[in-house]
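Visitor: Protein chains in written order, with our numbering: chain A, 1 to 147; chain B, 148 to 294.
It is possible that part of the hints are untrue.
[What the hints assert, rightly or not] Some chain A residues close to chain B (C-beta under 7 Å, calculated; not the full set): (1) E36; (2) T58; (3) T71; (4) Q116; (5) D136; (6) P137.
[Claimed, not checked] No farther apart than 20 Å at their CA atoms in a straight line, the calculated lysine to aspartate or glutamate pairs in the EDC-like style are these: (7) A:K73 to B:E170; (8) A:K73 to B:E201; (9) A:K46 to B:D196; (10) B:K193 to A:E96; (11) A:K46 to A:E96; (12) A:K73 to A:E138; (13) A:K111 to A:E87; (14) A:K46 to A:E36; (15) B:K193 to A:D45; (16) B:K220 to A:E96; (17) B:K247 to B:E172; (18) A:K73 to B:E172; (19) B:K220 to A:E138.
[Claimed, not checked] Quick list of the computed label-pair ranges, beta carbon to beta carbon: (20) B:K193 to A:E107: 32 to 42 Å; (21) B:E273 to A:E96: 20 to 30 Å; (22) B:E269 to A:M1: 41 to 51 Å; (23) A:E23 to B:R173: 30 to 40 Å; (24) B:S202 to A:D45: 31 to 41 Å; (25) B:E203 to A:E29: 46 to 56 Å.
No wet-lab data here; the hints were simulated from the structure.
Ideal Cβ positions, reconstructed from N, Cα and C, are used throughout, including at glycine.
Below, each chain spelled out in residue letters.
Number of protein chains: 2
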Amino acid sequence: MLIREARPGDEQAIHALVYALAEYERAPEQVTNTPEQLRIDLFEDKICDALVVESEGTIVGFALYYTSYSTWKGRCLYLEDFFVLPEYRRGGIGGELFQKVAAIARERGVKRMDWQVLEWNEPALEFYRKHEAILDPEWINGRLFFS
Amino acid sequence: MLIREARPGDEQAIHALVYALAEYERAPEQVTNTPEQLRIDLFEDKICDALVVESEGTIVGFALYYTSYSTWKGRCLYLEDFFVLPEYRRGGIGGELFQKVAAIARERGVKRMDWQVLEWNEPALEFYRKHEAILDPEWINGRLFFS
């Protein structure tokens, strides 16, 4: 398995993984983004970046992130999505992918790397604890949706 | 009171309000950002934008935001900080500021506006409920800090 930067043509596979993760997170109906929009956002407008995990030519995992901002800290890196198909998780590839994103955050000189995890997703919480992350349940997400 | 876009020279006042909000949020020691860094990030590198509330030449409130990304939805607007000094809150200026940010989100054509609120901050929760926001407590913040 190899980890590489996403490139044009990967958008279908990334979108399929976004959907698979949303299914696991019990919210597949909330995915309205399309592979074509992902292609534009990642490779044309470059408002986010992604790494993919490839196994024998198939994309089996990905991490998507962008530079965010904290008034307290300054520039941060936001890890928006991070997923490896369960059947490919042995061998520590998830940890490798996570560390690779953290290394990119360090390279960019940001102060903090942020993400969110569902409160009932115990395997993910355990994974992040193992990576010495701070897990803070004190904040509630506020959202306004526009159609 | 008037709401206007932040401009160079406002960074000291914005930083003071960031600090005042962090004090209210019981975490002033976590503010390591500086007025000078805020100036660069807002007005030179333009990685975020801000609106300020001015009362007789004094800045008494602000909202700071940037374009973020959701793999589920596409482009979003993240409202990173939003604060009006308590003594200036009468007259609905907070609601006006919030609606102004929502209008900017709509203008940018984003799918969603996001922010976070502390679970014990009942006045803020009540404010967001009044503005018909979705409040979702199911996500935990994960963080890695870099020094």
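Visitor: Run every hint past the structure and note whether it holds.
Guide: Evaluation of the provided hints:
1. E36: Given a least distance of 11 Å, the restraint on A:E36 is violated.
2. T58: violated, 19 Å
3. T71: OK, holds: A:T71 within 7 Å of chain B, min 4 Å.
4. Q116: holds, 4 Å
5. D136: Nearest chain B Cβ about 4 Å off; hint holds.
6. P137: Because about 5 Å separates A:P137 from the closest Cβ in chain B, which is inside the 7 Å limit, the hint holds.
7. A:K73 to B:E170: holds, 15 Å
8. A:K73 to B:E201: Judged against 20 Å, a Cα distance of about 25 Å means the pair is violated.
9. A:K46 to B:D196: holds, 19 Å
10. B:K193 to A:E96: Violated, because 32 Å separates the two Cα atoms, which is more than 20 Å.
11. A:K46 to A:E96: violated, 24 Å
12. A:K73 to A:E138: Distance of about 18 Å is within 20 Å: holds.
13. A:K111 to A:E87: Roughly 34 Å between the alpha carbons, so the hint for A:K111 and A:E87 is violated.
14. A:K46 to A:E36: Holds, at roughly 14 Å.
15. B:K193 to A:D45: Roughly 16 Å between the alpha carbons, so the hint for B:K193 and A:D45 holds.
16. B:K220 to A:E96: This hinted pair is violated, its Cα atoms lying about 27 Å apart.
17. B:K247 to B:E172: violated, 24 Å
18. A:K73 to B:E172: holds, 15 Å
19. B:K220 to A:E138: violated, 25 Å
20. B:K193 to A:E107: 32 to 42 Å: violated, 21 Å
21. B:E273 to A:E96: 20 to 30 Å: violated, 45 Å
22. B:E269 to A:M1: 41 to 51 Å: holds, 48 Å
23. A:E23 to B:R173: 30 to 40 Å: holds, 38 Å
24. B:S202 to A:D45: 31 to 41 Å: This hint holds: roughly 38 Å between Cβ atoms.
25. B:E203 to A:E29: 46 to 56 Å: holds, 50 Å
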